[in-house]
Each structure stands twice: as C-alpha cells, then as structure tokens.
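Participant: Read off the chains here:
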Amino acid sequence: MEAKTYPKGKSDVPKVAGDLLVLQSTWSFMFVAIMLAVYLVFHYVVPSVGFLKLNNNLLTNSLENDFLDFVFRPSKVYMLIVGITSASGFLAFYVKHGITRKACFVGSAAASVAHAAALAVLAGIPTAVQHLAFPSSVPAEPEGYLDFGGNWGLALLSFAMNVLIYYSAGWLIGIGFYRFVPSVGMLFIPLALLLIVASDVLWEFELQNPLTGWLSFDRPEFTPLVSAAGTLVLFGAALAIIRACTKRAAIKIK
Amino acid sequence: MMLDVTADGLSLRYGDFEALSDISFHLKGGKIYGLLGRNGAGKTSLLSLLASFCEHTAGSIRIGGEPPFENPRVMRQVAFVFVESHANESEKVKGMVEAAQRYRPNFDFEYAMELVKKFKLPADKPVRQLSRGMQSALNAAIGLATRSPLTILDEPYTGMDAPTRELFYRELLNDQERHPRTMILSTHLVSEMDYLFDEVIVLHRGKLLLHEDYESVIGKGASVTGPAHAVDEFVQGMTKLNSQQLGDTKCVTVYGDIPEEARFAARRKQLDIGPVSLQDLFIHLTSEDE
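Line by line, the protein sequences give chains A and B.
For what it's worth, the working numbering labels the leading residue of the first sequence as 1, then goes sequentially.
For what it's worth, the working numbering labels the leading residue of the second sequence as 1, then goes sequentially.
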C-alpha cells in the first residue's frame, strides 16, 4: 500500500513570523542606532560649533523637531528597501526548507505588521528620552511630519502604519521582479507608487508629506481613524496582490 | 518513515517548451535512485516538481500517497539539495546548519556538525567566503543531516575535489544504512557514482527512457575481452558501444543480450564476458540519434 500516514505537524506560520520579526527587528535596531547617532551629531553637536551651518532646509527643519520626526522619512525608505530585498529571498529560503508558500506568506505578513510596530517603538524610545530628559531641546508639540498635537500614541500609530505601507510597496516590487520577467516586473513600480501616494493622501493633513504636493486635486480631510482604516485597506490590497503572485510561484534554483 | 514516489503522466511545460512529457514511474521507499540524463533532459525540472519548487502542468505526483505541492505534511519531509550560489550569503556555516535544524523535523544537528568537521569546513566563517566546493560540501552535509524521508540531491558534488567527493559518497552510504530513506541522486559523474544506485532512471529530451534496477540495466550489455581477432569475430553483427585495445588484447563493449550458447562459445575461444559500465550504456542510450 502506497499511502503513508504523515506525522501531525504544527503550523509553520508562528515560527516563520517570529523568526522574520526577530531578524528584521535586529536590522531595524541597527538602523535606528545609526540614525540616532546622525541626529545627535546634527541636533546637538553641530549647532554648538559656531562655524558650521546646515544649508539644507529640509534637513534643518526636520532637525528642529524631535528624533521621531527626524527618523520618519528615512524609515520609509529603509522599509521600502527591506521589503524589496526580503520578498524573494525569504520565499526561496522557506520553500527550500520545506515551508509552503502559504505559510511563508502569512508568516511574512504577520511579521511585517509586528516589525512596523517594533520600528515605531524603537524610534519612539529615544524620542521619549529626549522629551523627558532634554525637554528644552525639542518643541513640546512638534509641527513636523508627525504633527498630532502632542498625542504620542497617535504619532507612533501613524509612524507604524506609514512604514508598513512602504514595506508592502517594497514587497510588491520585489515579488514583481521575482515572479515575472523584468518588463512585467517594472509594472509593479507604478503599482507600488500608487500604494504610497494613496497612503500619503490618507495621512496628508497629519503628515504634510511633500509627495502629495504632486497631485493637484482638492484633498479631503480625514480623521486619524479613517486614515488608519484606509491604510489597512491599502495594506490588505497589497497583500492580496502579493499572495496572488506567489501562490503558485516557481522557485528559481539556478 | 519511508516514502514511495509515484508519477503518472507527468508533464511540465514552460510556454511552448515541454520540459517533461508524460512521465510515469513508481519509486519504492528506502532505495537510492540514480537519475541520469544529458544536459536539458529534464532532470532538474523533474526534481523541482518533486520538491514542490514548481507545479506540473499535467498528470500527477504522489509522495507517500499525497500530492506534494503546497502540502505542508509532504513538503517538510522532502529535502532538495542543488547547486546554488552563496556569493552574497553573510550567514556563517554554523548558522546555516542551525537554520536548517529550525525547520526540518528530522534534522540531526550533531551529525551535521560532524560532517562539517569531516569536510573541513570552518564553522565560524561566512558562507560567501567558502570556495565553491566547500559550499557544495556544506549543502551536502545539511542535505544528509536533514534525514528527510525523501532526499533529493541534484549534482551535489559540483566543485568538490576528488577526496571530498569520495568522502561524501561514503557518508551517504553509511547514513543510508543507518537511516534508510528514499534518495534520488542526479548526476553527470555516472562512472564515479554508479555503485551507489539501487535503481537507475534515465531521462532523454523530457521523456522517461529507462527505469530499472541497476543489475538489470548493466545486464543490457556486456564487455568482451580477449585476443583482438577473436573478439572482432565474436562481436560481429552486435551493437558496439566502446572499443579499447592494448597490444593484441582487445575489449569491446556491446549492447544487447548475449545468449547462453554464445557465452559458452566465447569461453571456449578464451574470451572473457564481463558486465558493461553504466556510463557506456548511458552514452549509447542517449546518443542514438547523433
């Protein structure tokens, strides 16, 4: 008789999610540490040296605010890059180790949410220290990208949701190029941009992101709750496309 | 646990190109199968299907009675070792072993590290800094230590030097004796690895050309050795695969069954009838159209 009884096995999803979260959070820890060092130098050291002067308005403005505001835009770029590089590499790694595409996808999606939250917390800790220990060095109610009138919970939530969208945009691009020929993969770049612009529109009034300045239409005002709900819808749409592309994807081996 | 593998009318198509066409076979659990075929014959395509790296376009596969693709019960019991580039792999040797241990249910970490030592791999060195042969040795070590009921090795020796390959073959046989599993070895080094095979599968241009046990395959031909004139006379009319001569002694490899009367006659003429090499047969079987 050919049929065998396979031993019962636990779902691989928690293991994949946990491992990816730890790995990516380690990268994020290093990223935040580097950004913190840069911030400390430009926020505290450079202004105390008389002959040094920053000529970049964008940098100057963001340096006037707290660390969370300073690290926000670099974090989005960082998450985009992590999304691009992680997508295909992890899929091939996990299938090679006998994990299904489905478990890999669900685990990766769960890890991406937790990772975005972890990055917000990692960036939030030095910011909290900054406000508590050196209150005179930062405005009490920052007016940068994350302007929520001193509501730090909301600031961290919007931080996490925005970097999550950038991660999923990177994931989309990475999968597009992995799954399809380059000419088709290129189409995933405007798709990812669309996702980012839609997210920027949702958060525009809170974040005052320059990207939405490209669009000339009357932008509606959204409450943070609507922005958050809209972001979840966008994230869900990105996940649906990623899953459709990876559900039966062939793994490249040579 | 040992897993049978059954393919029925299996086909794989990439656009207009048919990589595999109507392949059917049954592999009984616990044996070592040699998968042979020329470049582009479809060996890696077939192994990719078994390892769920891609999905077939027609027919069916059953591993242990269940379809493997996206089946977690099956996939975690199938290991696929292939030639892969670790040029950008910053993980250390030990880290790679630990990663495999984390996801493979039967993984033997101690055995893996024992192999790492035997292959003289530096455990604390990033994998990208290893030579090609050392990377292959690491892949092979992890593949063996995975102890997967279906272990697939696709040209695992690439870049290994001769002593390392010899060590690998010895370890493979020893571990197979201790922990029998279904093993499929795809290779171009036919003469070097043929003694490992219980059964032989030959693919040619995407089709199954032959699947028989090793003894039956090499019984499909014979080598005739003796005085040159007597050998030439004896093999007249037979399909010759290979011919070598040293002084007056000649050895001709022929394809086809030699009846008992002919063997008796050969002995009277002081001709020695021996087995044919799998490599000679393989070359003959896959070059008929050239």
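Take these hints with a grain of salt, some might be off.
Unchecked claim - Among chain B residues calculated to face chain A with C-beta under 7 Å, some are:
hint : residue
1    : Phe53
2    : Cys54
3    : Glu70
4    : Pro72
5    : Arg73
6    : Ile283
Unchecked claim - What follows is a set of in silico ranges between Cβ atoms, one per label pair, in the way DEER data are often shown:
hint : chain 1 : residue 1 : chain 2 : residue 2 : range
7    : B       : Asn39     : A       : Val181    : 19 to 25 Å
8    : B       : Glu215    : A       : Gly18     : 48 to 54 Å
9    : A       : Lys102    : B       : Asp8      : 40 to 46 Å
Think of the hints as simulated: they come from the structure by calculation, not from any bench.
The model shown is predicted, which means the values in this text are computed figures rather than measured ones.
Don't be surprised by glycine CBs; every beta carbon is placed ideally from N, CA and C.
Participant: If a hint holds in the structure, say so; if it doesn't, say that too.
Facilitator: Evaluated hints:
1. Phe53: 4 Å, holds
2. Cys54: 4 Å, holds
3. Glu70: The hint holds - B/Glu70 has a Cβ within 7 Å of chain A, the shortest such distance being about 5 Å.
4. Pro72: Hint holds; B/Pro72 Cβ to chain A Cβ min 5 Å, cut 7 Å.
5. Arg73: 4 Å, holds
6. Ile283: 24 Å, violated
7. B/Asn39 <-> A/Val181: 19 to 25 Å: About 23 Å separates the Cβ atoms of B/Asn39 and A/Val181, which means 19 to 25 Å holds.
8. B/Glu215 <-> A/Gly18: 48 to 54 Å: Hint holds: Cβ distance 50 Å, inside 48 to 54 Å.
9. A/Lys102 <-> B/Asp8: 40 to 46 Å: Since the Cβ atoms of A/Lys102 and B/Asp8 sit about 25 Å apart, the hinted range of 40 to 46 Å is violated.
Of the hints listed earlier, those the structure fails to meet are numbers 6 and 9, in rising order.
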